[in-house]
Structures are given as structure tokens and as C-alpha cells.
Amino acid sequence: MPLYYFALRSKGAVLADREAVDLPDLEAARAEAVVIARELMRNREARVRGWRVQVCDDYLVPCCDILFAEVDETLDYLPAQHRESIHTLARLSAALDETFGTVRASLGEVRKSLARGDSIVDAVSSTNRGQKPG
Amino acid sequence: MAARIATPSKTQSLCLVALSADALARLKPHLKEVFFEAGVVLWEVGQPQRHVYFPISGLISVTLPMQDGTAIEVAVVGREGAAGDFDGVQKEAATRATVLIGGAFAQIATGKLVEQARDSRELERMLNLCRGWLLMQAQQLAACNATHAADKRLCRWLASCRQRVDDGRIHATQEMIAALIGLRRPTVTLMAQALHEQGLIEYVRGKITVRDAQGLEDAACECCANLGRAYWPATRLAAPATKVEG
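Chains A and B, in that order, give the protein sequences. If you count the first sequence from 1, position 113 lands on 113 in our numbering, and the numbers rise without skipping. Start counting at 1 in the second sequence, then tack on 1000, and there's your number in our numbering.
Hint data in this document are derived by calculation from the structure and do not stem from the laboratory. Computed from a prediction, not measured in an experiment: that's the story for all the values here.
Distance windows between CB atoms, simulated:
| id | chain 1 | residue 1 | chain 2 | residue 2 | range |
| --- | --- | --- | --- | --- | --- |
| 1 | B | His1030 | A | Ala46 | 53 to 59 Å |
| 2 | A | Arg47 | B | Ala1230 | 29 to 35 Å |
| 3 | B | Asp1087 | A | Val35 | 38 to 44 Å |
| 4 | B | Val1017 | A | Ala28 | 51 to 57 Å |
| 5 | A | Val35 | B | Asn1226 | 26 to 32 Å |
| 6 | B | Val1017 | A | Ala13 | 42 to 48 Å |
| 7 | B | Pro1048 | A | Leu26 | 45 to 51 Å |
| 8 | A | Arg111 | B | Ala1146 | 40 to 46 Å |
| 9 | A | Asp58 | B | Lys1028 | 56 to 62 Å |
| 10 | B | Leu1064 | A | Leu3 | 28 to 34 Å |
| 11 | B | Met1066 | A | Leu107 | 45 to 51 Å |
| 12 | A | Cys63 | B | Lys1207 | 28 to 34 Å |
| 13 | A | Val34 | B | Gln1067 | 19 to 25 Å |
| 14 | B | Gln1067 | A | Pro2 | 29 to 35 Å |
Each residue gets a CB set at the ideal place from its N, CA and C atoms; glycine is no exception.
Required output: the full structure, derived from the provided sequences and hints.
As C-alpha cells, then:
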């Protein structure tokens, strides 16, 4: 049976389950992702509609994505057009979160580079101070 | 049953320690310290509960098995209480009790305990408190499973186990935890990853180490506090009896 990996994409961060799950096919993996999404969102649906469960194959290639809002059963009572509006909003909010996440990660890298630069400058300055003019 | 006589433990059952010397002396001749490994079934649905167990260093999980094979946890008992039939009248258990964390347990035959409690108000009170503790947990967990989000329930489960183990290490696989709180294994793994990133827990090969017990309790649902130390049978046994308890 093929192996599938599940990851949670939320607030611009990715949490990956490193343990694979044996499932008959992609359809079964998708169904499993829907169950996981529903378990993760139950009793806090409104706050996590932009979260997604991503399914990856054995080579860690993404196969499908489950947006929480799209499998949120608490929205079933709404007319289709209202549900679609909520789905669109959730997709946009997820995209915004992804962007913020990327920006945050870039800023983190910049901070690390600056800190490295500062430590090199400090090391050079202290070496220079230690050298007496010949 | 895979039990062996344990070497005397450094730790003790908080419930037994809270008893007066007189009440404890009544039980002592009938108590036996045994060691059970994790996974040992202490009683099964439909079978009689021949013994009452006072955990000394291990934890007992009481579950309610369903026809589809799931078995959701309805109570956890550690050093603060006891697990068993406290009346000696149930011919068939309605639940299953499994050793969740292996360790030492003080074991007493149900009949002997009930017999001793007939002549001692203090022992009778202890049995009432232990029985009430199981009921209180079952009620709280029923409401918790129905109304609280999975991440808060996981924190509640971890924090309540942490309160009952000495070293902060909970030997439990994510499959095991998932089954007890009624979730898929990957759901628990993804939430555990989040807790790890927040610095609350560490997880290595089936062993969870709680890094920030207070943080975990803060992240848990209200049920964690509602089943906190103040409500433990051992705590209440150490306090004077109230009118309601009789």
C-alpha cells in the first residue's frame, strides 16, 4: 500500500507528521485528511477556517490540500453562496498567513545574518585593538 | 496477569498515606505491593473486579470499550486515588482498566476492603471519595470530549498525567494517547508537534517529557483545573470530613 504523509499548514507555519500512514490510494488519503482536519477544528471552527491539512506522497510531493472551511460541517446549514463566500475568505486568509509566514522567516534570516555580521565586526575590532602599532 | 511482587517503593499511595494509623492498620494485613507493566489489563468488561488497586508509582486508565473496537478513557487513577469496585457488589465490570504507566501498586481483595470498611467510618469515607472521584472524572470527561477542542483536550490529558508522575516523564505512544482521547494518531502527532514548538513538551520514542507543566495546564481546557489536586481523594481525605460527605 502506498505511504502518505500529513502536514498542518496554519498561521504561516508548517507542522509535519514525520510518520507515514499506509493507505490504499489518494482518495483514501484525502478522506483521512478530511477526518484529521475535522478533528483539529472541532469546537473552534470559526478560528481555524484558514488552516489546511496537506497530503504528501512517499516522495513528500504534495498531492492535495484540505482547507478547513471546505470541510467544516457547522457551515452546512448555510446557503451554497454564503458557504462559498466563507471558503473564499478562508482561502485569502490562508494565503495572507502564508505570506506573513514567508516574511517572518525572511526577517529571521536577515536578523541572523546581521548578528553574524556584528560578531565578525566585533572580532575584527578586538583583534585590531590588540595589535600594537609597529 | 503479568504481575510480580514489587520491591518496596520509595513513593507511596497518597490515599493510603492520608489514612490514620488505625485505619491503615486494618488494611495492612490484606495489602500486597505488586508491579505491573504498561498494557496489563486489570479488569475487563463483563468480568468481576476481584481487586482494588492503589497506584504507588504507576497510572491506571479506565476505558469504556465500544463495539467498533474504540475504547475512550473515562478516568485516570494515580497515587491520588484507587481503582476497582468499591462496593463489592458488581458481578460484571462495565469498564476496562489498563495499566497506562507501569509501576508499583498496592493491591487488596475487593471483599476484604469492603469488609474492613464496614467497621471503619474512615475507610468507608475513603471508599466514598474514591468512588466519587471515578464518577467525577467520567462526568467531566464526557462534557470535555463533547465541547472542547482537540488541542485543549490533549493538553488536559498530558497535564493531568504529569500531575500524577514524579519525574515529568509520561511513557505513552501517540497511538495510545490518540485512542484514549478518541482521535486519529496523525491528529495527536500534529498537535504534539505544536506543543513541542511552544516548548511545553519533548517527545522521544514513546516517551513524553513535560518541559513546562504550568504552561501545559494553562493551555489545557478548564477540565484540567476542575479535576485538579483539590478534588483528589487523597487531598480530601486529609481534610476534615464535611457534612455532605457524611
